[in-house]
Structures are given as structure tokens and as C-alpha cells.
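Please work from the sequences and hints to get the whole structure.
Letter by letter, the chains look like this.
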Amino acid sequence: MTDQVAVATAAQAVATASTGSYARIVATLIRVTGDWTLAEDCAQEALALALQRWPAEGVPANPGGWLMTVARNRAIDVLRRATVERRKLRDLAVLAPTEPDRAAVGEEEIVDDRLRLIFTCCHPALALEARVALTLRTVCGVPTADIARAFLVAESTMTRRLTRAKTKIADARIPYRVPSGPMLAERLPGVLAVLYLLFTRGYDADGEPAFATEAIRLARLLDRLLPGHSEVAALLALFLLQHSRRHARRDSAGNLLTLDKQDRRLWDHAAIAEAVDLLARTRPDGPYALQARIAACHATAPSVEATDWPAVARAYDRLATVQPSPVIELNRAVAHGYAHGPAAGLALLAVARAGGALDGYPLAVAAEADLTARQGDRARAAALFRRAADAHTGAERRALLDRADEFS
Amino acid sequence: MKYLMFVCTDTAPDTDRSDWPDVEAWVAENDRRGRRLDGNALAGTSAATTVRVRNGELLVSDGPFAETKEMIVGYDLLECADLDEAIEVARAHPMAREGRIELRPFMDLDD
Numbered sequence: 001m002t003d004q005v006a007v008a009t010a011a012q013a014v015a016t017a018s019t020g021s022y023a024r025i026v027a028t029l030i031r032v033t034g035d036w037t038l039a040e041d042c043a044q045e046a047l048a049l050a051l052q053r054w055p056a057e058g059v060p061a062n063p064g065g066w067l068m069t070v071a072r073n074r075a076i077d078v079l080r081r082a083t084v085e086r087r088k089l090r091d092l093a094v095l096a097p098t099e100p101d102r103a104a105v106g107e108e109e110i111v112d113d114r115l116r117l118i119f120t121c122c123h124p125a126l127a128l129e130a131r132v133a134l135t136l137r138t139v140c141g142v143p144t145a146d147i148a149r150a151f152l153v154a155e156s157t158m159t160r161r162l163t164r165a166k167t168k169i170a171d172a173r174i175p176y177r178v179p180s181g182p183m184l185a186e187r188l189p190g191v192l193a194v195l196y197l198l199f200t201r202g203y204d205a206d207g208e209p210a211f212a213t214e215a216i217r218l219a220r221l222l223d224r225l226l227p228g229h230s231e232v233a234a235l236l237a238l239f240l241l242q243h244s245r246r247h248a249r250r251d252s253a254g255n256l257l258t259l260d261k262q263d264r265r266l267w268d269h270a271a272i273a274e275a276v277d278l279l280a281r282t283r284p285d286g287p288y289a290l291q292a293r294i295a296a297c298h299a300t301a302p303s304v305e306a307t308d309w310p311a312v313a314r315a316y317d318r319l320a321t322v323q324p325s326p327v328i329e330l331n332r333a334v335a336h337g338y339a340h341g342p343a344a345g346l347a348l349l350a351v352a353r354a355g356g357a358l359d360g361y362p363l364a365v366a367a368e369a370d371l372t373a374r375q376g377d378r379a380r381a382a383a384l385f386r387r388a389a390d391a392h393t394g395a396e397r398r399a400l401l402d403r404a405d406e407f408s
Numbered sequence: 001m002k003y004l005m006f007v008c009t010d011t012a013p014d015t016d017r018s019d020w021p022d023v024e025a026w027v028a029e030n031d032r033r034g035r036r037l038d039g040n041a042l043a044g045t046s047a048a049t050t051v052r053v054r055n056g057e058l059l060v061s062d063g064p065f066a067e068t069k070e071m072i073v074g075y076d077l078l079e080c081a082d083l084d085e086a087i088e089v090a091r092a093h094p095m096a097r098e099g100r101i102e103l104r105p106f107m108d109l110d111d
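Note that the protein sequences, when read in sequence, are chains B and Y.
Each residue of the first sequence is one higher than the one before, starting from 1 at the first, in the UniProt record's numbering.
Each residue of the second sequence is one higher than the one before, starting from 1 at the first, in the UniProt record's numbering.
These are computed hints drawn from the structure, not numbers from a lab.
Positions of the beta carbon are idealized from the N, C-alpha and C atoms, including for glycine.
Take the hints with a grain of salt, since some may be wrong.
As the list claims (entries may be wrong) - Label-pair distances were calculated between CB atoms; the ranges are:
#1 B/Gly-360 <-> Y/Glu-57: 47 to 57 Å
#2 B/Gly-356 <-> Y/Ala-48: 20 to 30 Å
#3 B/Gly-394 <-> Y/Ser-61: 52 to 62 Å
#4 Y/Ile-72 <-> B/His-247: 49 to 59 Å
#5 Y/Glu-29 <-> B/Asp-308: 45 to 55 Å
#6 B/His-247 <-> Y/Glu-29: 55 to 65 Å
#7 Y/Asp-14 <-> B/Gly-394: 34 to 44 Å
#8 Y/Asp-14 <-> B/Val-322: 45 to 55 Å
Unchecked claim - Output of the computed footprint for chain Y on chain B, the stretches with three or more beta carbons under 8 Å from beta carbons of chain Y:
#9 176-185
#10 296-305
Claimed, not checked - Below are the EDC-like pairs computed for lysine to aspartate or glutamate, each with C-alpha atoms no more than 20 Å apart in a straight line:
#11 B/Lys-261 <-> B/Asp-402
#12 B/Lys-168 <-> Y/Asp-16
#13 Y/Lys-2 <-> Y/Asp-84
#14 B/Lys-168 <-> Y/Glu-85
#15 B/Lys-261 <-> B/Glu-396
#16 B/Lys-261 <-> B/Asp-405
#17 Y/Lys-2 <-> Y/Asp-22
#18 B/Lys-261 <-> B/Glu-186
#19 Y/Lys-2 <-> Y/Glu-88
#20 B/Lys-168 <-> Y/Glu-79
#21 B/Lys-261 <-> B/Asp-370
#22 Y/Lys-2 <-> Y/Glu-70
#23 Y/Lys-2 <-> Y/Asp-38
#24 B/Lys-168 <-> B/Glu-129
#25 B/Lys-261 <-> B/Asp-251
#26 Y/Lys-69 <-> Y/Asp-19
#27 B/Lys-168 <-> Y/Asp-84
#28 Y/Lys-2 <-> B/Asp-370
#29 B/Lys-168 <-> Y/Glu-102
#30 Y/Lys-2 <-> Y/Glu-98
#31 Y/Lys-2 <-> Y/Asp-62
#32 B/Lys-168 <-> Y/Asp-82
#33 B/Lys-168 <-> B/Asp-35
#34 B/Lys-168 <-> Y/Glu-29
What follows is the structure in C-alpha cells.
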């Protein structure tokens, strides 16, 4: 093997090991030392040392165990120099035996640590944006500079935000614990909301694509660690279904395409199949389970026309009672329009708009235009499409004007 | 860990009417469990006096230092294992239903 190949192989091995081990190492060191910054620093230093050593010495048999041992030794060094209490040092010594290969002791405990870390990062006593940023930094190991770019702030601002969050965890004594009993059910939706934000940060038109992958990875981890929580599996399914369209949702110029314009052969059908399997073990009563069912109806349909619209409409009916919002009412009206004819859709749309709930929401005008067109009132539809176009710019505006011309 | 629990009013008309707890029972329960070290209701802000010293001169004025509609009407000093326990204590206080409760940890001066 040439040197270059060895370096590339080692770098790949470090990247793989870090994806699997970073959160584990940080989570475990936080539990033992109670020091978030120390835990992150030691995990980073272990990765740096691996990049330096593995090309020459070869990739160890258990890369994750090697990293854990190095990080743990580093933490012991730092703490010894700081002469902390005996207990912390003893815990660290117990944590990692001498041979790196056995460092993955107590899988249960280590798994719990990652879950603890997620619940602590997502504690409701932290500001929502701090929860998302802290999860990205600490659980996913995303560099602060990348997080700052995604949140459109300077790196120094993001560093301060993260520091403030960690300081609050220490000062207010936010526990490093997975809540138990009724509190788990109370806190879980907040954790899932952070994951959802993380995913949309990645999946949005100008988002950071890696965040969507991280959100899926975390949802998988949660689903494995909290089996039997229907909404966790449902959220993972929802992510997989939305993400399955990633290669089909833009045209060659990079403009976003609506579902009816996408080449369905480009969808990730393995991910769709996995999501459908996941949904089979969820209860259709939570907001994510219902959204995922709707997404699955679209993902498994050969075309817009051949979509099971009555099933979509039924899921929206339930979603509107579980999580009422004007936008859900609008989507519900559109679904009923396809399932039961444009008149049914227009009637529900009128109800959704009552009281001005959707005023200034251009998609409501576009939906009315589409339903009106399908009802056969061409002149009115053209006028409505033009009105909807006025609220948009760029590709969306052009698409709406094209539709107006269709009926003029 | 000590937390000072400020019991405040809230002007938003969103009072929660679900099984209203009794404040006497709340005090008795938390005193018994050693989680409440002290606490009291405060007289209204009309009885408040603000004291400042500026340029060496004493300035005494009527009223609270901040003119807000929300006001602190009481306090409790808690001793809890962590923030989650303090949140559980606070949520059971009747004023969490019609007012708001602020939890402030004591500053750790040993650091």
C-alpha cells in the first residue's frame, strides 16, 4: 500500500469510527466528568491522534474502542493535573480497561449515555435554537463553524450561544438523565421536535444537506433505544419518506419541483420500503404517524392521479383534530378536492379561511385556483392563478403564470 | 442545589382550570419532604420601596423598580436535587396555573 493510499484509508477509517463513536465518547465522558467542554475536547483530540497514527500504524481492530481509550486517557490526564476529587478519577479508570478492544464494556450503559446526552441537549429549559445547535455540536460532532453557517450567524456568535447553553446546564443543574415515568412521555415530543427542526434545516431548499442525514441517524438511534414509542418510529419513517425524494426534487437548473413534476424513478425506493415497514408498527394517532402516512401514500403512488387520495384525506381529517392549524386545514381541503371532487375541496377551503386564518398565505390562493380550474370555471381560475403568482418570485411565479395562461 | 422560586402574576388571560392544587397542601407536602426551606407571600407593589445609592447619595423612591403589570407576589426557597425536581415542585404550585413561576438557582460561590 502506498503512503497516499494508507493515509486515505486511515482518514476514511477515522471518519467511519467517528460517526459511530463520537456521541458515545462525549456522552460517556460527560457522565463521568460532568464537564461538557472537556468531553468534547478529549473526543476531538482522540480523532486528531487517530488521523496522525493510523496511517503509519494501521487501523486498530476496534477503532471505536481505540478512540474511547485515548479520549478517556486524555480526560484522566487533564483531571489529574487539575487535581479533582478522587471519585471522578476512579470512575474513569473503571470505565475503560487497559486493552482498547474491551473498551466497549457495558454496552447498555454506553447506550444510555447517548440517550442521556440527547435528552439533556433537548431540555425545555434551554432555548429552542440552543437545543438544535447543542445537539448538532455535542451529539453529532458537527463543527461549530458549520452550525453557524446553517443558522446564518458568525462563528463567534454560535460559540457564545453554545457556551451559554452549557453554562446554563451546569448553573441551573439540568440533570444528565433520561426522564422516567410520565416525564418521559412529556419530554419526548420536545426531543422529536428538535430532530424535526434538524431535519428541515438540512432538507430546506438552501439547507445543509448533512443535517438531514444526521437527523435520520439520530432518529434511528432513538428508535433503537426507545422501542415501543410509536411516534419515534413514525418520525424516522417521515424523514425517510421526505428524504427519498432528494435526487428528484430539483430540475437541471436547480429549481424545486412539485410532486407531480418529479421523476418518480429517481426516488429512493429502498428508503420508502423501510418507511412503510416502520409505519406498520406505529399507531395512527400521533402527529408524526399521520404525516408519515400521508407521505407514504404519495411515495408509494405511481403518479399524482393514481394516489390513494381518500386515504390521504382521511389522514388529514385525523391530523386536523390531533394538531389543528390553518395550514393543515388547507392541505386537508386540497386532499378532499382530489378524493371527493373540487366542490368538496372548495367547501373545506372556505371553512379553513374563515376568520382570515389564511390571509396572506399565497398557497391558499393557488389551491383555490387549482380547485376552481378543475371545477371548470376557467376565467376565474386564470384570475386566481395570476393573483397567486403576484405573491411569488422566480420559478414559482413563472409556474403559476404558466397555469394562468393555460386557462386564459 | 438551592433554587429561589419567584411566584409571579401573569396578565395573560390563559388560566389553567384543571384540578387546582391547594397552596396549603403544597407547602405542607414540600416542607415534609425537605424541599421547601422557607417561603412567604409578599405585600402588593403599592407597598414597595426602591432604594439606590448614586454618587454617594441615598435615593429612596416609591414603588417597584420595574413598572410591569406582572409582579412578584411571593417566594419559596427550595432545596432540590436538580432542575427537573424543582420544575416538578413548581408545576404543582397553584400560581403555575394562573401566574408564572421563575426558578433561579443560587450562584455556586465555591467555584
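Right, here's what the structure says about each hint:
The beta-carbon spacing between B/Gly-360 and Y/Glu-57, approximately 55 Å, falls within the hinted interval of 47 to 57 Å. For the pair B/Gly-356 and Y/Ala-48, the beta carbons lie near 43 Å from each other, so the given range of 20 to 30 Å is not met. As the Cβ distance of B/Gly-394 to Y/Ser-61 is approximately 58 Å, the hint placing it in 52 to 62 Å holds. Look at Y/Ile-72 against B/His-247: about 57 Å separates their beta carbons, and that is inside 49 to 59 Å.
Checked against the hint of 45 to 55 Å, the C-beta distance between Y/Glu-29 and B/Asp-308 comes to roughly 54 Å, which is consistent with it. Taking the beta carbon of each, B/His-247 and Y/Glu-29 are about 59 Å apart, inside 55 to 65 Å as hinted. At about 41 Å, the CB distance of Y/Asp-14 to B/Gly-394 agrees with the hint of 34 to 44 Å. Between Y/Asp-14 and B/Val-322 the C-beta distance comes to about 21 Å, which lies outside the given range of 45 to 55 Å.
Counting residues of the segment 176-185 of chain B whose C-beta sits closer than 8 Å to any C-beta of chain Y gives 3, which meets the bar of three, so the coverage hint holds. Counting residues of the segment 296-305 of chain B whose beta carbon lies closer than 8 Å to any beta carbon of chain Y gives 0, which falls short of the minimum of three for the stated coverage. Pair hint B/Lys-261 plus B/Asp-402 holds up; C-alpha atoms about 14 Å apart against a cutoff of 20 Å. Our distance criterion of 20 Å between C-alpha atoms is broken by B/Lys-168 and Y/Asp-16, whose separation comes to about 29 Å.
A C-alpha spacing of about 13 Å is found between Y/Lys-2 and Y/Asp-84, which places the hinted pair at or below 20 Å, so the restraint holds. Proposed proximity of B/Lys-168 and Y/Glu-85 is supported: the alpha carbons are some 16 Å apart, at most 20 Å. Annotation: proposed proximity of B/Lys-261 to B/Glu-396 holds, straight-line Cα distance about 13 Å (limit 20 Å). Between B/Lys-261 and B/Asp-405, the direct Cα distance comes to roughly 18 Å. Compliance with the 20 Å bound is thereby established for this hinted pair.
Between Y/Lys-2 and Y/Asp-22, the direct Cα distance comes to roughly 24 Å. Violation of the 20 Å bound is thereby established for this hinted pair. Distance check on the hinted pair: B/Lys-261 and B/Glu-186 sit about 40 Å apart at the alpha-carbon level, beyond 20 Å; violated. Note on Y/Lys-2 and Y/Glu-88: the hinted pairing holds, with a Cα-Cα distance of about 14 Å set against a maximum of 20 Å. Only pairs whose Cα atoms come within 20 Å are accepted, and B/Lys-168 paired with Y/Glu-79 is accepted, the gap being roughly 18 Å.
Between B/Lys-261 and B/Asp-370, the direct Cα distance comes to roughly 16 Å. Compliance with the 20 Å bound is thereby established for this hinted pair. Between the alpha carbons of Y/Lys-2 and Y/Glu-70 the distance comes to roughly 24 Å, so the proposed pair goes past 20 Å and is violated. Taking the CA atoms of Y/Lys-2 and Y/Asp-38, the gap is about 11 Å. The hint holds against a cut of 20 Å. Among the hinted pairs, B/Lys-168 with B/Glu-129 is consistent with the structure: their alpha-carbon atoms are about 14 Å apart, no more than 20 Å.
The suggested pairing of B/Lys-261 with B/Asp-251 holds, with an alpha-carbon distance near 9 Å, which does not exceed 20 Å. Distance restraint check for Y/Lys-69 and Y/Asp-19: the Cα-Cα separation of roughly 26 Å exceeds the 20 Å cut-off, and the hinted pair is therefore not satisfied. The suggested pairing of B/Lys-168 with Y/Asp-84 holds, with an alpha-carbon distance near 13 Å, which does not exceed 20 Å. Between Y/Lys-2 and B/Asp-370, the direct Cα distance comes to roughly 61 Å. Violation of the 20 Å bound is thereby established for this hinted pair.
At roughly 15 Å between alpha-carbon atoms, B/Lys-168 and Y/Glu-102 fall within 20 Å of each other, so this suggested pair holds. For the proposed pair Y/Lys-2 and Y/Glu-98, the alpha carbon gap of about 25 Å is over 20 Å, so the pair is violated. Between the alpha carbons of Y/Lys-2 and Y/Asp-62 the distance comes to roughly 31 Å, so the proposed pair goes past 20 Å and is violated. For a cut-off of 20 Å, the pair hint linking B/Lys-168 to Y/Asp-82 stands: about 12 Å separates their Cα positions.
Proposed proximity of B/Lys-168 and B/Asp-35 is supported: the alpha carbons are some 13 Å apart, at most 20 Å. Simply put, B/Lys-168 and Y/Glu-29 have alpha-carbon atoms about 28 Å apart, too far for the 20 Å limit, and the pair is violated.
The structure fails hints 2, 8, 10, 12, 17, 18, 22, 26, 28, 30, 31 and 34 (numbered hints given earlier, in ascending order).
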